[in-house]
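Enquirer: Make a model of the complete structure from these sequences and hints.
Chains as they are written, first to last, in this note's numbering: chain A, 1 to 578; chain B, 1 to 378.
It should be emphasised that the hints constitute simulated quantities derived from the structure, not laboratory data.
Output of the computed footprint for chain B on chain A, the stretches with three or more beta carbons under 8 Å from beta carbons of chain B: (1) 357-369; (2) 373-380; (3) 400-409.
Every residue, glycine too, gets a C-beta built ideally from N, C-alpha and C.
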Amino acid sequence: MKESRTGVYVCMCGTNIAKIVDVEAVAAYASALPNVVLARTYKYMCSNPGQEMISQDIRDHQLNRIVVAACSPNMHERTFRAALRSAGLNQYLFEMANIREQCSWVHSDPKEATEKAKALVHAAVSRVQLHEELESMSVDMCPNVLVIGGGIAGMTAALELADAGNNVYLVEKANHLGGNLARVDLTAPYLYSARDLLTERITRTFNNKKIHTYLQSRVSGLTGYIGNFRATIESLNGKEAGNNKPDEVEIGNVVVCTGYREFDASRIVHYGYGKLPNVITSFELEKMIRAGRIETREGKIPKYVAIIHCVGSRSQEFHSYCSRVCCMTALKYAHEIKSANPESYISDIYIDMHAFGKGHEDFYRKSSEAKTLFLMYEKGDRPVIHKASPKDDCEMLIEVNEKLSGEVIEIPADLVILMVGMEAREDSYEVARIVNISQDKEGWFIESHPKLEPVATTTDGIFIAGTCVAPKDIPDSVAQARAAAARILARIAKERIEVDALYSEVNENLCSGCRLCNQLCPYSAIEFIEEKKHSHIISALCKGCGVCVAACPSAAIKGRHFTDQQVLAQLDGLFVAG
Amino acid sequence: MFIDELDRFGAEDVQLCYQCGDCSTVCPHADEVYKFPRKSMRLLQMGLEQKLETTLEPWLCYYCGQCSEQCPRDADPGETMMSLRRWLISRYDFTGISRMFFKSRITEVLAIIAVALLTGAFLIYYGLSGGSISIYDGEGAFLPSTFIHRFDLTIGAILLVFLVLNAIHMWYLVMIKGTPFNVPWWLYLKELYQLPWHFFTQKRYADCEKKREHKVYMPWLLHLGLMLGYVTMLLLVMVFIEQLQAGPAILWRVHIFGYLASVGLIAGTIYFIRSRFKKHYIQYKKSHGTDWVFVTLLFIIVVTGIAQHVFHRTGLYEPANITYVIHLMSVVPWLLRMPFSKWAHLIYRPLAMYFSAVRREALMRQVSILNSYPVVVK
Chain A
1 MKESRTGVYV CMCGTNIAKI VDVEAVAAYA SALPNVVLAR TYKYMCSNPG
51 QEMISQDIRD HQLNRIVVAA CSPNMHERTF RAALRSAGLN QYLFEMANIR
101 EQCSWVHSDP KEATEKAKAL VHAAVSRVQL HEELESMSVD MCPNVLVIGG
151 GIAGMTAALE LADAGNNVYL VEKANHLGGN LARVDLTAPY LYSARDLLTE
201 RITRTFNNKK IHTYLQSRVS GLTGYIGNFR ATIESLNGKE AGNNKPDEVE
251 IGNVVVCTGY REFDASRIVH YGYGKLPNVI TSFELEKMIR AGRIETREGK
301 IPKYVAIIHC VGSRSQEFHS YCSRVCCMTA LKYAHEIKSA NPESYISDIY
351 IDMHAFGKGH EDFYRKSSEA KTLFLMYEKG DRPVIHKASP KDDCEMLIEV
401 NEKLSGEVIE IPADLVILMV GMEAREDSYE VARIVNISQD KEGWFIESHP
451 KLEPVATTTD GIFIAGTCVA PKDIPDSVAQ ARAAAARILA RIAKERIEVD
501 ALYSEVNENL CSGCRLCNQL CPYSAIEFIE EKKHSHIISA LCKGCGVCVA
551 ACPSAAIKGR HFTDQQVLAQ LDGLFVAG
Chain B
1 MFIDELDRFG AEDVQLCYQC GDCSTVCPHA DEVYKFPRKS MRLLQMGLEQ
51 KLETTLEPWL CYYCGQCSEQ CPRDADPGET MMSLRRWLIS RYDFTGISRM
101 FFKSRITEVL AIIAVALLTG AFLIYYGLSG GSISIYDGEG AFLPSTFIHR
151 FDLTIGAILL VFLVLNAIHM WYLVMIKGTP FNVPWWLYLK ELYQLPWHFF
201 TQKRYADCEK KREHKVYMPW LLHLGLMLGY VTMLLLVMVF IEQLQAGPAI
251 LWRVHIFGYL ASVGLIAGTI YFIRSRFKKH YIQYKKSHGT DWVFVTLLFI
301 IVVTGIAQHV FHRTGLYEPA NITYVIHLMS VVPWLLRMPF SKWAHLIYRP
351 LAMYFSAVRR EALMRQVSIL NSYPVVVK
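Expert: Structural data, given as structure tokens:
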């Protein structure tokens, strides 16, 4: 190997770093370290002149190792790697020392912070000496896509992908497309008909030759890795008919759009759902509205209608999250009931009115103008529904501890509508297991980054969209579906996919074939080769997390870019400085 | 529903309120015990009539309009408080007349015209039966001052009976029905000074400017002038009418008050009529029908009163007698209308200040008694 020539760059980050850490002292310290050719400070290393400085120095001073002491590598590692590449240096011959999050932002004593910064820089310099030139590899990208779930999100993703000319396998559990949206009449706040939204999607889906729709089917298996998956699609009704031959399809990416199910209202005993005949759920009301008549079980037009929000949502007992669509849907019901029967009185019993979206606040105001009586209850203090006595002119009485007035009041009701929240589907665990993605404590699928990667998952090639991720409304579901489709189309357009060079490797000569690592791998990236009796890591699936490296009793597995020597050198540097 | 009924009293936008509480924050008078306008708006939205009729909050508001300027939802809390005052006047009034007037302007105008015509007929009949139209006072006068004095006292007595009965009703609603804790009798004595204090200074109206950057004391001053003028005039008419009407020599010790009162009345009336036309303050943006009846009638009274005085002084006895009849034709319905109209606030407002002070004291006493108990009750 060539002689090491290391360049060290200490960033001031404006004053973020420089106000606590003496950057000049750190640079002076670094320049005295072995193999360091130069050490500089600069106001913003991540700026274009900052990056240019690195590239220029690489060319002028034949640098072959770079250390940047700045912020977290999460923030700018990619930026500086690009600077190395542009100067013709392998991007892995680079190391960052985090002297902002780990120093200037968390320490108040400038002297000690500067000492710590020196130690971190020393560690980085020691480590970078042992860095190896790594090459990322690329694999073929199969342009076919599997979409699981035929609701509004699934169909939208499928159409977007198929319209671009790719084969899409759309798998739906029910015997029709449309999902939960097919159970709804009008949508808030613009009162578009759900049927109109859906029929266009459904017709286009069925007419599109590139979309292969599997109704009453499920995905029973998925193997392979990004660009090269193989999925098994199994018919659900075929089991009885005896025609049980699963389809095997080749795909490159998967979009999971399995949606939600509604909360079971009978779990809240206060509301008497299932016992009082005129306490119904929002979906039961939708059914009535679609049939064209809002009436009680006895066939009477209800004079007093009460709508109760947050049934199953925003409570510690059931689900702590907000289901996001119920507030506007409740206002929509107030509007629909009032239009159907102007003589009716509507009370809307809520915890907080969440009117966050476009047009929502205006819709709320309209509902106020229509004299809907809004009553606020405390989260833990749910209203109680009783049967009214014969002398009252209503069916039921609802006792509310009204928070804004501080009064305990009873309001009359002939029909009570429970705004049931969303929850993860009963089979979400099975789906998550098959496509190898994670779920949170409520059962929702977890995105790879909640802000910056809202539709990707930690498994490359598996995307999530719609209400299987978290409760959301139609525009958000559609936006996510299209986002997932766009991500996939961008990858298909490239034809091949780059796989990060940071994966682990098994040294076949050392592997004893104990298979301990096979079960431990969180990404199912390790396969066992029977004929050779040793384990093998599929590099496209491996994330380089290092679990297998730590677990291997024979020390046969090497984490690339995280070798034992590199980590020990880093520690040495840290302690020498300290 | 109650909220629909209040529409007729002027509270048209109350359902828009979403209880953010901005109005109570900006209000110079709201405090921990009397939380208005927010709380009053809420009780109204929820239709809690029985609760509302026992509250004093509407009377604690002088309608500076800062809440309505601030309201993010244009729910107009200031106007709502005004409407609640109208509604409370109709509630205190056990005859139901006030309710009719507030809900229908036509009924009110017809009633006023009827009373005016009756008064006119009676006065002309009386005048012609015993006197001459060309004699103003003394022997053979058209409307002798002794007769007018008796006439005024009769009207005053009727007025007083209604006002006292309504005030007792108000006391019952507020202090008995709406006060769930014990009020010791001596608190009524201790706080009694509140009545004349608020009646003659209207200090709380001046306090409306407390939270403003640029303080405008004009509405308060004019309102005070109007009120003092009105009360002085009432006193002159009821007690000193014989000296006031007598001529030809002017009794300056009586007349000077008459002139001062007239100035107060004219300035106040012109200012408030002008404001209702120009709508340059938020509180004059919306005028209820009864507001117009009130200012118009007041205007007629003032103009005919002055005209009558001028004619009398210049020796034009015939026109003096005619304008006197017209003057009385508008004064009588005006006075009789008082217990049923907005003008009843002359009595209710100071009473409300008094009751609110008594109630606050009693509440504090109750709280301190509760706090002295060793056990904390949750």
